[in-house]
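Trainee: Next come the chains, spelled out residue by residue.
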Amino acid sequence: MLGIGILKGMVVTAKNFFGSFVNKRLLPTIQYPEAGNSVTLFSRNIPFLVYDNDEDPLGTMRCVACKICEKECPPQCIYIVMEKDANGKPAKRPKVFDIDISVCMGCQICVEVCPFESIKMDSTFELSTPDRFEGLLLKREHLLKSNTYFHKIHPDEAQEVDDRLAAKQKKPAPTPSTPAA
Amino acid sequence: MTPINPDQLIVQLTQWALSFLDSYPLVAVLVAILLSTVPLIAVFPGCFAITTWLERKGLARIQNRIGPNRTGPLGILQPAADGIKMLLKEDIVPKTSDRLAHFLAPVVLMVPAFTILSVLPFNRNMIPAAVDTGVILFFALGSVSTLAVFMAGWSSRNKYSLLGGMRAIAQMVSYELPLVLSGVTVIMMTGSLDTTKIVAQQQLSEWIQSSNAGLQCLGQIIGWNVFTPWGFAGFLIFFVASLAEINRCPFDLPEADSEIVAGHLTEYSGFKYALFFMSEYVSAFAINGLSTTLFLGGWSGPNIRPPWSDDPNALLIPGFVWFFAKMFALMLVMIWIRGTLPRLRVDHLMGFAWKFLLPLAIMNIFVGGFYYYAPRWHGIPVVGWPIGFLVMYLSYECIGRLNRGPKTAQRVYHYAS
Amino acid sequence: MIITFSILSAIAVISALLAVRLRNLVHATLTLMAFFVALAGLFILLMAEFLAAVQILVYVGAVGILILFAIMLTQQVTGNVKEHIEAHGALWGLAGATAVLLTLLLPAILKTALPLQPVVETIDPSVRALGLNLMAPYTIALQVIALLLTAALLGAVVIAISPEKSEEEKKS
Chain R
14 MLGIGILKGM VVTAKNFFGS FVNKRLLPTI QYPEAGNSVT LFSRNIPFLV
64 YDNDEDPLGT MRCVACKICE KECPPQCIYI VMEKDANGKP AKRPKVFDID
114 ISVCMGCQIC VEVCPFESIK MDSTFELSTP DRFEGLLLKR EHLLKSNTYF
164 HKIHPDEAQE VDDRLAAKQK KPAPTPSTPA A
Chain Z
177 MTPINPDQLI VQLTQWALSF LDSYPLVAVL VAILLSTVPL IAVFPGCFAI
227 TTWLERKGLA RIQNRIGPNR TGPLGILQPA ADGIKMLLKE DIVPKTSDRL
277 AHFLAPVVLM VPAFTILSVL PFNRNMIPAA VDTGVILFFA LGSVSTLAVF
327 MAGWSSRNKY SLLGGMRAIA QMVSYELPLV LSGVTVIMMT GSLDTTKIVA
377 QQQLSEWIQS SNAGLQCLGQ IIGWNVFTPW GFAGFLIFFV ASLAEINRCP
427 FDLPEADSEI VAGHLTEYSG FKYALFFMSE YVSAFAINGL STTLFLGGWS
477 GPNIRPPWSD DPNALLIPGF VWFFAKMFAL MLVMIWIRGT LPRLRVDHLM
527 GFAWKFLLPL AIMNIFVGGF YYYAPRWHGI PVVGWPIGFL VMYLSYECIG
577 RLNRGPKTAQ RVYHYAS
Chain C
242 MIITFSILSA IAVISALLAV RLRNLVHATL TLMAFFVALA GLFILLMAEF
292 LAAVQILVYV GAVGILILFA IMLTQQVTGN VKEHIEAHGA LWGLAGATAV
342 LLTLLLPAIL KTALPLQPVV ETIDPSVRAL GLNLMAPYTI ALQVIALLLT
392 AALLGAVVIA ISPEKSEEEK KS
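Residue numbers (our numbering), protein chains in the order written: chain R, 14 to 194; chain Z, 177 to 593; chain C, 242 to 413.
Since the hints were derived computationally from the structure, they do not count as laboratory data.
Note that the Cβ used here is the ideal one computed from N, Cα and C, for glycine as well.
Careful: at least some of the hints might be erroneous.
Claimed, not checked - Heads up, simulated EDC-like pairs for lysine to aspartate or glutamate below, C-alpha to C-alpha not over 20 Å straight-line:
| # | chain 1 | residue 1 | chain 2 | residue 2 |
| --- | --- | --- | --- | --- |
| 1 | R | Lys28 | Z | Glu231 |
| 2 | R | Lys80 | R | Glu96 |
| 3 | R | Lys105 | R | Glu83 |
| 4 | R | Lys21 | Z | Glu573 |
| 5 | R | Lys158 | R | Asp69 |
| 6 | R | Lys158 | R | Asp113 |
To be verified - Counterexamples of contact, computed for chain R against chain Z with all Cβ distances above 10 Å:
| # | residue |
| --- | --- |
| 7 | Pro87 |
| 8 | Asp176 |
| 9 | Leu178 |
All chains should be built: construct the whole structure from the sequences, respecting the hints.
Mentor: In structure tokens form, the structure reads like this:
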């Protein structure tokens, strides 16, 4: 019959109208500052640095200041200076590790290229600051977060990373240096 | 003193108030005029405010959103906030515009929008202007709004405005035909242009005056014109044409914001824009009120006589409650349609009016005539109803099929599967 | 009654004058419509609502819009100010027009006793009588007019269609 398509359309909109009162799926709006946020297990925005031991963040950080991420970063927002000990010998950890998050585009390439599983994507998003230069330049201290935190935000990925590191350690290591310190 | 009749309470109060002024006839006339016009001017902007809220909430829910919810509980104060915003806005008039016409356009649009309300019977004895030619006066004054839209479009000295104005005129003039012709059927069957008589014709007075409450209820409903084949078809044609007449979705080409900014409203801001907006909604109410009057039995609805009253015409629920309920129901359907249907193309719009609605409306007049003269069995149209329905259905299908464009080949997608 | 009459007739006369004198065509049309509306008001004053309604419906709603459409198709809305029509003997023309008007109207005016109030309070069956008259004594006239208008409509359609056809013929 003629005009049946219009009636079908009307039924669809009516279903949406009444469904939005009973069905959560049909009313996906989240009134953000008052109720909840949109962070899911799949949220990725800016990178952070992982350390293993909660009591000694600086000592157990996985980063060895190899600067691969600094070179690979497409917008070049990472700045790394390697720490040197008293003899001037490289200490295999960064003295300076800055990420300018006003430049970072969240591409996750640093995470992909890191051979030591030390840089991972975070899911915090409330990053606004009154100071657009200093406030958006995250230092090493801001970026360091524990492995427990990593387990909390992305449990599956963190477990995978832990398993991989454990397997690497178990294997007869020809080189003495293990990245996880 | 006569027993209180809730249906006529306001009318009785008015008469009681006017009885004090018997010795001053001139003052009494003035007060009577004020008493019949001021409620219109007070009630309908209120209805407009409620409707804007309903529209925003309803559309939001249709689109799986929440809608305005920051101003008051459930955002109910949103119309007030909008009004304050509109009033405080700067009134910008383009430098090269025609100032007088630009200023007069919203006024010219608003005057007929409110004037046509005065021929609608809101209840028994509650009609601001009981004129003999109510329906034709309604259409006549309604056609003035075309002029206002043209004035707005032309005086803005803006190409989008002018395009919008031209579109509005073409659309309004075209859709006035099916609108009036579908109303003609009702006028023909009633034999009167008087809106009160049209409503009275849709009530079965023997049933209403009987003592059975169920019959009283039914007598107020069964006679509605929409329950006859010509009335049903006429109602649908009238409703669709009225959508176009008041420039509402899916016929809102004059304001098509994806093509011509806002049509004739482009150069309007502040209070003038608010006036345009309000007159549009008030004329929407007016035209819905007229379709309620013509097809949906006006102020009659499921209603019984109050138990304490002996007056055979007394009613428990005031008639205007039913009138406004039906008017708002039609308004909600309009909002629902706005949430569903996309905008038509210009040539489709014209074709729809001239090739589909107009022949159907003319067919409807013939069916109405047949229904009127068809033999009846104890007053029940046993011949007219089924045959009329069949003829209307067949002509609907036939005209629809004749209008189907040339068959286009099935589209083949080369790259998308 | 007299106050309303004077206001309405003043509006009618002034807007009619403006409609003739204004150089902007759209303004002239708009004032013409104001004149039509004022005239409809005068009809209502004479208790001829039907006539008033038809006046607005036909003249404002249809004729006026048609004029506006025609104006929109012309090149210049505001006429060329430099080109005035050099009319000599305007006074003679005015006098002649007045004379014709008077000779036509004067007998009618003299014959009629003008009452200040309408003679009848309500013209109750005006629309009904009009309809019955159209249907009984003037049926043939009505049908002829209807036929004429239909023919005009069809003619308009034919005129509107033909150029497209000729283009197609040229192509083929």
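Trainee: Are there hints from earlier that the structure breaks, and if so, what are their numbers?
Mentor: none
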